[in-house]
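Engineer: Residues per chain, in single letters:
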Amino acid sequence: MADTKVDQMSVNVVKEPSLMTGAVPRKDWMDSTVTFKPGNYCYPAKKSIVEYLSKGLPGLFGEPREWTVESDDWKLPENWVEIILQGMRERLDKFRSFKVFMDICVRCGACADKCHFFLGTGDPKNMPVLRAELLRSVYRGNFTKAGKILGSIARGREMTFEVLKEWFMYFYQCTECRRCSVFCPYGIDTAEITMMARELLHLVGVGTNWILEPAANSNRTGNHLGLQPHTFKENAEFLLDDIEEVTGVRLNSLTFNRKGAEVLFVIPSADVFADPGIFTFMGYLLIFDHVGLDYTISTYSSEGGNFGSFTNNELMKKLNGKMYAEAKRLGVKWILGGECGHMWRVVHQYMETMNGPPDFLEIPKSPITGTVFENAAAAKMVHMSEFTADLIKNNKLKIDKSRNDHRIVTFHDSCNPSRGMGMLEEPRYILQNVCNNFHEMPENTIREQTFCCGSGTGLNTGEIMDLRMRGGLPRANAVKYVEEKHGVNMLSCICAIDRATLLALMEYWNPNVGVCGISELVGNALIMDGEKERDQDLRFGELLVTKEAGESGNNEEGE
Amino acid sequence: MKHAFLAVIALIVIAWLGSLVGLDYLFGVVFPYLAFAVFLGGFIYRVLNWAKSPVPFRIPTTSGQEKSLDWVKQDKLDCPATFWQVVGRMLLEVFAFRSLFKNTKAEIHDGPKLVYGSSKWLWLFGLAFHYCFLIIVLRHMRLFLNPVPGVIGKIEFFDGLFQIGAPVLYQTDLIFVAAVTFLFLRRVIIPQVRYISFAADYFPLFLIFAIAVTGILMRYFIRVDVVTIKQLTVGLATFSPSISGDIGSIFYIHVFLVSALMAYFPFSKLMHLGGVFMSPTRNLANNNRMVRHVNPWNDPNIKPHSYADYEDEFREFMVDAGLPVEKELTPEPEPEPETEETEKPAADTAAEPAAEEAPAETPAEKE
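For the protein sequence lines, the chains are U and Y, in the order given.
Everything in the first sequence is counted per the numbering used here, starting at 34 for the first residue and increasing by one.
Everything in the second sequence is counted per the numbering used here, starting at 117 for the first residue and increasing by one.
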C-alpha cells in the first residue's frame with residue numbers, strides 16, 4: 034500500500050503547489066534537476082537478469098552490473114554519451130515517427146492536461162509536451178543546426194548525467210497510454226517517444242528490474258511469473274476444482290500443449306495465478322466448454338503479455354515470436370487471445386509485421402457460429418471479446434443475467450485495446466448481455482479518452498506506490514463518480530495489468546469497488562449443461578437472487 | 117521571449133536601414149528570391165528527409181471503434197480501415213483540426229474531484245489564424261499574376277463584404293491580428309503553456325504579427341506606390357524584376373519580414389505544415405490484423421527462445437505432470453548441450469516452486 038494515507042493524499046493533490054493547482058515553478062525546466070529518493074523510482078535490474086537477456090540479444094541492455102539509482106555513480110560505460118547519441122541517430126533513421134515527432138511539435142499545450150500522471154502530480158515534466166522535450170532538447174542540441182549554434186536559446190542541450198537521470202525519472206512516469214496522442218493536432222504520440230527513450234536507456238544499462246526480470250522469465254519459462262510448465266498446469270487445473278464446486282460441472286476440455294487442437298489459446302499468465310484474474314480464467318474455460326471449442330493452452334507460450342515491449346522492439350519481437358512458433362508446432366488453425374491490454378497492442382499492431390506472415394494458419398473462423406473473422410485475416414489471431422460477442426450475437430450462449438445482479442458494473446477501457454486497436458463496442462455488448470446493471474463512467478474518461486490505470490508499461494511495482502496512486506487518480510475519480518451516482522461496485526476491464534493495478538487503486542481510492550475481467554461475468558451468467566442450482570458466483574460469493582436455472586435463457590434481442 | 121522579440125526588432129531595423137541607404141534591389145529582389153529558394157528547397161528537403169526514414173510498424177492512434185464483426189458499427193473517420201477512410205481522417209485533420217476540436221480542460225477541486233470541461237478556444241483561434249493566413253496569401257496573388265484571376269477578385273469581395281472604410285477593410289486582416297494576439301496571450305497567460313514556451317515559439321508569432329501590422333499599415337495608413345509594387349512583384353514572378361521608383365521603407369520592411377519567415381520556415385516548428393501529412397499515427401489505416409505491413413529492417417535473426425530448448429530444460433517436470441513432449445525421457449539423460457538460451461536468468465528464479473520466486477509485486481502477489 035502507498036506510503037501516504039489516502040486522506041493526506043486527497044489534500045495533497047489539490048492543495049500542494051503544482052502546475053495543476055496554479056503554481057508555476059520559478060526555475061526554468063532546463064535548470065531544474067531531479068532528485069531520486071525512495072518512492073520515486075523503480076529498482077534497477079539485477080545483474081544476473083541483464084546477463085541473461087544480453088546473451089539472447091547482445092548489446093541492447095548495457096553492461097550487466099549492480100548499481101543504485103540514488104547514487105551519483107551509475108557505473109555507466111565510459112562512452113555512454115556516445116552510445117546514446119549513436120543510438121538516437123540510428124533510431125531517427127529507423128523510425129519515421131521518431132524523426133517527425135522530434136521536429137513538428139508546436140508546443141500548443143493541448144496535451145498538457147491529458148496525462149494522468151500530470152493530473153495526479155502537477156509535475157511540469159509530466160506534461161506530455163515537456164516529457165517529449167526532455168528528449169527533443171538533446172535531439173536539437175546534437176542533430177539540428179539551430180540547437181547546435183544557439184544552444185539553450187533554441188532549447189538545445191548536451192547529453193549529460195543530469196539529463197540521463199531526468200530521462201530515467203520521467204520516461205518511467207509514462208505508461209505509453211497514448212491519451213495525449215488523441216488530442217494532438219499532429220498525432221504526436223508520446224508512447225513512441227517513451228519507447229525510444231527507454232530503448233536508449235537500456236543501451237547504456239539503465240533498466241528496471243520489474244520489467245527485465247518478468248521479460249527474462251517470459252523468455253525462459255514462457256510466462257512472466259516464471260511458472261514452470263508443471264506449475265502452470267497445476268495452477269490452471271486447480272481452478273477446475275473451483276469451477277466444479279460452484280457449478281457442479283467438471284470441465285474436461287482443458288488441455289495443454291496438445292497437437293492438433295483447432296485453436297491455440299494464449300492468456301496473460303496472471304490469469305491462472307492471481308486474484309481476480311483467476312476468475313476471468315474460469316470464465317474463459319466455462320465459455321469454451323459451453324460451446325465445445327476444440328482448444329489448447331501452451332505452457333511454452335503461456336504469456337500473452339509482452340514485457341519486452343517496455344524495453345525495446347527487439348525483445349518485444351523475441352518474446353512475441355513464441356505465439357506463432359507454438360501455433361505452428363501444435364498445428365492449430367488459428368489463435369485466440371485472452372483479456373490483456375498491452376498484449377493486444379503488440380498482437381494487433383506489431384505481431385504480424387515482426388513475426389509474420391503466419392501462412393501455416395488459417396483465417397480464423399468460429400467453429401461454433403461459422404463467423405469468419407475477416408479483421409484478423411492476416412494476423413490470424415482473435416480477441417476473446419470478439420469471440421464471445423460473436424457467440425452471444427448468434428445465440429450460442431445460454432445466459433442468466435440475474436446471476437450478476439449483485440454486481441453494479443462499470444467498464445474501464447484499457448489504454449491499448451482502445452487507442453492501439455479500437456476495440457470499444459465488443460466488451461460493452463458482452464456486458465449488456467450478461468448483466469442487468471451496467472453504467473458508463475463520464476464520457477471524457479472512457480473509450481478513446483479512457484484513463485490509464487496509472488501503472489502500465491511495467492510501473493506496477495510496489496516501490497512507487499504513491500506515484501501509482503497519483504497516476505491512477507483520474508481513473509479512480511471517474512469510478513468514484515459512478516459509485517456515488519449509481520452504486521457501482523464492480524469495475525470490469527479486459528486487461529491483466531488492470532486486474533492487478535486497479536485492485537490496488539480501488540483499495541486506495543474507492544475501497545468498495547471490486548475489479549473483474551469481462552469473462553468472469555460471462556462465466557457467472559452461463560447456464561452450463563448439467564449444472565447444479567447455482568447460489569454462488571465464481572468467487573464463492575452469494576448471488577443476490579437464486580433463479581431457476583434456464584428460466585431467463587438467452588434473452589439477447591439484437592442491437 | 118526576449119530573444120525572439122529582439123530578433124524581430126532587429127529584422128525591422130535592418131530592413132529600414134537598408135531601404136534608407138538605397139539597398140532597394142537587395143531587399144526587394146535578392147532577399148525575396150533567396151528566401152523563396154530556401155523555403156522551397158528546405159521544405160522539400162525536410163519532407164524527403166522524413167520520408168527517408170521508414171515506417172516500420174503500423175501504429176495509428178485509434179480514436180473510435182475499429183472494423184471488426186459485421187454488425188459492430190465502425191467509426192470510419194476516427195478509426196479508418198481503408199485508404200479512403202484514412203483520406204477522410206486526414207482531410208478533417210488538416211482542414212478542420214479535428215483532434216484539436218476534441219480538446220478539454222481539466223481542473224482539480226477539493227475532494228479530490230477532477231472535472232473536464234470543453235475547451236475549444238485554441239481550436240477556434242487556431243483555425244481562424246490558419247484560414248486567414250491562407251486567404252491573405254491568396255489575396256496577395258493579385259500582385260504576382262497579370263491579369264488577376266477572377267477567383268482572387270471574388271475572395272477580395274467576400275473578404276471585404278461589409279464595405280467598411282476606404283480602402284475597404286478586409287475581415288481577415290482583423291481576425292488574423294486578433295488570432296495571433298490570442299495565440300500569443302495564451303502562451304503568456306496559461307501557466308502550463310508559458311512554462312513550455314521558448315524563443316522558437318515566440319519568434320514566429322512576433323514575426324507574423326509584425327508582417328500583419330506592416331501590411332495593414334501599408335494598406336490603410338501609409339501611402340505606398342502600388343503601381344511600382346505591382347511592377348516589381350509581377351517582375352519577380354516572371355523572373356524579370358525591376359524597381360522603377362521609390363516605394364517607401366514600410367514596403368521593404370514588410371517584404372524583408374516575409375522573406376525572413378520563408379527562410380526560417382524549413383528550419384522551424386512551422387514545418388508542421390508538412391509534418392501533419394507524415395504522422396504515422398494519423399495517416400495509416402488501422403487494418404493491422406487484416407493486411408500485412410512490412411518492416412524493411414525487420415531482423416529475421418531475432419528468434420524466440422526455442423521450444424526445443426524449453427523442453428530440454430523442463431522435460432522431466434513435463435513428463436511427470438503428464439504434459440506431452442516431443443522427445444521422451446531417456447533412462448540416463450545425457451547432459452543437454454548448454455545453449456546460451458537455456459541459461460537460467462537467475463539462480464533464484466530457477467528455484468521451485470517458481471511462482472513464489474516471481475518478482476516482487478507481480479500481479480500474482482497482489483492478493
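Source of the hints: derived by calculation from the structure; they are not laboratory data.
Just so you know, even glycine gets a beta-carbon here, dropped at the ideal spot from N, CA and C.
Check the hints yourself; a few may be wrong.
Claimed, not checked - Computed footprint of chain Y on chain U, listed as stretches where at least three residues anywhere in the stretch have a Cβ under 8 Å from a Cβ of chain Y: (1) 124-134; (2) 192-205; (3) 257-266; (4) 273-286; (5) 396-410; (6) 428-442; (7) 565-575.
As the list claims (entries may be wrong) - In silico EDC-like pairs for lysine to aspartate or glutamate, Cα to Cα no more than 16 Å straight-line: (8) U/Lys198 / U/Glu295; (9) Y/Lys419 / U/Glu347; (10) Y/Lys189 / U/Glu407; (11) Y/Lys229 / U/Glu49; (12) Y/Lys229 / U/Glu347; (13) U/Lys48 / Y/Asp415; (14) U/Lys88 / Y/Asp425; (15) U/Lys48 / Y/Glu432; (16) U/Lys292 / Y/Asp415; (17) Y/Lys221 / U/Glu476; (18) U/Lys431 / U/Glu564; (19) U/Lys80 / U/Glu99; (20) U/Lys178 / U/Glu191; (21) U/Lys361 / U/Glu407; (22) U/Lys398 / Y/Asp226; (23) U/Lys70 / U/Glu347; (24) Y/Lys168 / U/Glu123; (25) U/Lys518 / U/Glu575; (26) Y/Lys229 / U/Glu517; (27) Y/Lys168 / U/Asp562; (28) U/Lys361 / U/Glu395; (29) Y/Lys118 / U/Asp61; (30) U/Lys70 / U/Glu96; (31) U/Lys127 / Y/Asp226; (32) U/Lys429 / U/Glu517; (33) U/Lys361 / Y/Glu223.
Said to hold, decoys possible - Rough simulated footprint, nothing fancy, chain U against chain Y, three-plus residues with beta-carbon under 8 Å: (34) 128-141; (35) 177-183; (36) 214-223; (37) 361-370.
Engineer: Next step is simple, just say for each hint if it's right about the structure.
Structural biologist: Tested hints:
| no. | hint | verdict |
| --- | --- | --- |
| 1 | 124-134 | holds (count 10) |
| 2 | 192-205 | violated (count 0) |
| 3 | 257-266 | holds (count 9) |
| 4 | 273-286 | violated (count 0) |
| 5 | 396-410 | holds (count 6) |
| 6 | 428-442 | violated (count 0) |
| 7 | 565-575 | violated (count 0) |
| 8 | U/Lys198 / U/Glu295 | 50 Å, violated |
| 9 | Y/Lys419 / U/Glu347 | 10 Å, holds |
| 10 | Y/Lys189 / U/Glu407 | 15 Å, holds |
| 11 | Y/Lys229 / U/Glu49 | 15 Å, holds |
| 12 | Y/Lys229 / U/Glu347 | 41 Å, violated |
| 13 | U/Lys48 / Y/Asp415 | 51 Å, violated |
| 14 | U/Lys88 / Y/Asp425 | 14 Å, holds |
| 15 | U/Lys48 / Y/Glu432 | 60 Å, violated |
| 16 | U/Lys292 / Y/Asp415 | 29 Å, violated |
| 17 | Y/Lys221 / U/Glu476 | 14 Å, holds |
| 18 | U/Lys431 / U/Glu564 | 12 Å, holds |
| 19 | U/Lys80 / U/Glu99 | 6 Å, holds |
| 20 | U/Lys178 / U/Glu191 | 14 Å, holds |
| 21 | U/Lys361 / U/Glu407 | 21 Å, violated |
| 22 | U/Lys398 / Y/Asp226 | 52 Å, violated |
| 23 | U/Lys70 / U/Glu347 | 31 Å, violated |
| 24 | Y/Lys168 / U/Glu123 | 13 Å, holds |
| 25 | U/Lys518 / U/Glu575 | 24 Å, violated |
| 26 | Y/Lys229 / U/Glu517 | 12 Å, holds |
| 27 | Y/Lys168 / U/Asp562 | 60 Å, violated |
| 28 | U/Lys361 / U/Glu395 | 11 Å, holds |
| 29 | Y/Lys118 / U/Asp61 | 15 Å, holds |
| 30 | U/Lys70 / U/Glu96 | 24 Å, violated |
| 31 | U/Lys127 / Y/Asp226 | 47 Å, violated |
| 32 | U/Lys429 / U/Glu517 | 36 Å, violated |
| 33 | U/Lys361 / Y/Glu223 | 52 Å, violated |
| 34 | 128-141 | violated (count 0) |
| 35 | 177-183 | holds (count 7) |
| 36 | 214-223 | holds (count 7) |
| 37 | 361-370 | violated (count 0) |
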